[in-house]
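From first to last, the protein sequence lines stand for chains R and X.
Residue 177 in full-length UniProt numbering sits at position 177 of the first sequence; the count goes up by one each step and never skips.
Residue 5 in full-length UniProt numbering sits at position 5 of the second sequence; the count goes up by one each step and never skips.
What the hints contain is simulated information worked out from the structure, not anything from laboratory work.
Glycine residues also receive a C-beta, built at the ideal position from the N, C-alpha and C atoms.
With a cut-off of at most 30 angstroms between alpha-carbon atoms, the simulated DSS-like pairs for lysine-lysine come out as follows:
| id | chain 1 | residue 1 | chain 2 | residue 2 |
| --- | --- | --- | --- | --- |
| 1 | X | K137 | X | K102 |
| 2 | R | K200 | X | K99 |
| 3 | X | K79 | R | K178 |
Simulated restraints, written as ranges between beta carbons of each label pair:
| id | chain 1 | residue 1 | chain 2 | residue 2 | range |
| --- | --- | --- | --- | --- | --- |
| 4 | R | G153 | X | E126 | 33 to 39 angstroms |
| 5 | R | Q144 | X | V118 | 28 to 34 angstroms |
| 6 | R | Q144 | X | S130 | 33 to 39 angstroms |
| 7 | X | G47 | R | V285 | 52 to 58 angstroms |
| 8 | X | S14 | R | G85 | 55 to 61 angstroms |
| 9 | X | V118 | R | G153 | 22 to 28 angstroms |
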Amino acid sequence: MASNRGDGSGIRICCSAHPDAALIEDYRAGDQICSECGLVVGDRVIDVGSEWRTFSNEKANADPSRVGGSENALLNGTDLSTMIGPGTGSASFDEHGVAKYQNRRTMSSSDRALVNAFKEISNMADRINLPRTIVDRANNLFKQVHDGKNLKGRSNDAIASACLYISCRQEGVPRTFKEICAVSKISKKEIGRCFKLILKALETSVDIITTADFMSRFCSNLGLPTMVQRAASHIARKAVELDIVPGRSPISVAAAAIYMASQASDEKSKKTQKEIGDIAGVADVTIRQSYKLMYPRAAELFPEDFRFTTPIEQLPQL
Amino acid sequence: MVTMRLRKPYTTASIWSSGKVTCTGATSEDEAKQAARRITRSVSKLGYPKLRLVNYRVVNVLGTCTMPFAIKITPFSAKHRDIASYEPELHPGVTYRLKEPKATLKIFSTGSITHLCVGNVQSAIEHIYSLVFEFRKERSPEDIRTMQATKRSRGFKRKCSSDFGFEADEECITIDDGEEEEAEDFDSDQSHD
Numbered sequence: 001m002a003s004n005r006g007d008g009s010g011i012r013i014c015c016s017a018h019p020d021a022a023l024i025e026d027y028r029a030g031d032q033i034c035s036e037c038g039l040v041v042g043d044r045v046i047d048v049g050s051e052w053r054t055f056s057n058e059k060a061n062a063d064p065s066r067v068g069g070s071e072n073a074l075l076n077g078t079d080l081s082t083m084i085g086p087g088t089g090s091a092s093f094d095e096h097g098v099a100k101y102q103n104r105r106t107m108s109s110s111d112r113a114l115v116n117a118f119k120e121i122s123n124m125a126d127r128i129n130l131p132r133t134i135v136d137r138a139n140n141l142f143k144q145v146h147d148g149k150n151l152k153g154r155s156n157d158a159i160a161s162a163c164l165y166i167s168c169r170q171e172g173v174p175r176t177f178k179e180i181c182a183v184s185k186i187s188k189k190e191i192g193r194c195f196k197l198i199l200k201a202l203e204t205s206v207d208i209i210t211t212a213d214f215m216s217r218f219c220s221n222l223g224l225p226t227m228v229q230r231a232a233s234h235i236a237r238k239a240v241e242l243d244i245v246p247g248r249s250p251i252s253v254a255a256a257a258i259y260m261a262s263q264a265s266d267e268k269s270k271k272t273q274k275e276i277g278d279i280a281g282v283a284d285v286t287i288r289q290s291y292k293l294m295y296p297r298a299a300e301l302f303p304e305d306f307r308f309t310t311p312i313e314q315l316p317q318l
Numbered sequence: 001m002v003t004m005r006l007r008k009p010y011t012t013a014s015i016w017s018s019g020k021v022t023c024t025g026a027t028s029e030d031e032a033k034q035a036a037r038r039i040t041r042s043v044s045k046l047g048y049p050k051l052r053l054v055n056y057r058v059v060n061v062l063g064t065c066t067m068p069f070a071i072k073i074t075p076f077s078a079k080h081r082d083i084a085s086y087e088p089e090l091h092p093g094v095t096y097r098l099k100e101p102k103a104t105l106k107i108f109s110t111g112s113i114t115h116l117c118v119g120n121v122q123s124a125i126e127h128i129y130s131l132v133f134e135f136r137k138e139r140s141p142e143d144i145r146t147m148q149a150t151k152r153s154r155g156f157k158r159k160c161s162s163d164f165g166f167e168a169d170e171e172c173i174t175i176d177d178g179e180e181e182e183a184e185d186f187d188s189d190q191s192h193d
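Please construct the entire structure, taking both the sequences and the accompanying hints into account.
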């Protein structure tokens with residue numbers, strides 16, 4: 001029979017005949033068996049295996065080994081209440097076709113703002129095809145801001161948009177404020193204000209944007225070949241290094257570089273300032289300004305191995 | 001809230017019904033005090049005979065200055081990441097917040113700097129000058145030539161050197177509606193308005 005051995009590390013069940021033998025645990029039957037003589041020592045060990053058999057079924061959305069839905073536990077706190085779902089079948093509707101049990105009782109009133117904000121962030125990110133990692137990071141930021149409570153008066157949508165902007169920056173793939181504005185109903189000014197407030201509240205900082213961050217996105221949206229894209233990246237980088245364009249926003253410099261590179265290529269890659277301005281969110285006069293600063297030193301800006309379909313002298317001189 | 005503009009020290013005053021007044025636009029501290037007194041006087045003429053100027057204090061002094069060199073703001077903001085904030089999409093200047101002369105400075109790539117602080121503007125500039133100096137942009141010979149060309153066309157006589165221009169702008173006063181008999185020397189004030 002089982003005997004208790006009280007040594008310094010607490011009470012341990014062991015076989016009476018072989019106190020030093022290791023016990024083999026059999027979870028399915030709930031036993032602990034002595035390895036030497038086969039005596040069943042422990043009993044009523046709770047089986048933590050799954051309660052029903054599961055078969056892999058690619059089509060089923062529900063995971064049969066789960067009991068409830070997956071929790072967003074990190075962000076919502078423990079929320080174990082039950083929600084009564086919308087009815088199915090005819091019994092859940094009374095005579096006028098109105099659902100009988102109408103109200104899904106509001107469960108997480110304190111976190112309802114959080115849930116709404118997460119949904120909003122997810123919607124916004126979906127519109128510009130942001131990956132899940134950015135959305136998760138934005139959710140984390142929002143949760144931190146929400147707990148800190150110093151931005152309490154601001155609209156939650158504004159804070160959500162600013163969190164999305166910051167998380168894109170932090171992941172190394174910044175989006176311009178205008179791009180975030182396009183998927184949000186908050187003005188650029190308000191997003192900018194919230195952005196600064198959040199940085200102060202969370203005491204973080206972000207890296208400065210560079211022209212290279214936006215090149216690939218703008219160029220692919222314009223449908224430019226990789227040669228032109230590489231040339232444009234080189235031009236923009238060189239322009240910033242030589243400090244030809246002091247005080248100009250990196251977006252404008254990038255747009256002007258794309259213009260210069262596309263104009264130096266063949267006909268079907270030539271883009272007008274207006275098209276580039278549309279994609280980048282800069283006014284075409286802004287592109288013109290930066291281009292005017294860059295044009296005098298165009299020869300130094302182009303990469304050495306660039307094949308000029310339109311030589312430098314024939315570049316437009318707006 | 002009523003906005004009142006004066007002509008002589010060219011100032012603008014926002015007057016609230018609680019009696020608080022904010023007076024901005026004066027070019028020196030003395031002018032600001034003079035403007036405050038003028039406003040008090042004109043309000044007292046409206047039917048508040050024993051009006052007093054109470055709690056006058058200078059809240060903000062806005063100054064602008066230009067460095068004789070251009071500034072490379074991107075490396076500057078990279079070095080002072082914790083104090084300076086540079087968002088090219090939002091504003092073309094670096095916002096630098098100082099603690100000990102409590103000041104906010106905006107530094108632009110052209111070399112001009114605006115600062116907003118309480119009291120000692122000079123010390124803020126001296127502090128920032130040493131920081132900005134290492135990020136100055138040296139003038140290349142062709143830059144010097146173009147600058148001299150524009151100077152000749154404008155007819156300047158002095159050399160291009162640092163000009164520190166000051167404009168003390170914003171100040172705050174409180175006018176109290178009092179029943180006290182003791183009144184400040186309002187009447188001795190010049191009252192041209």
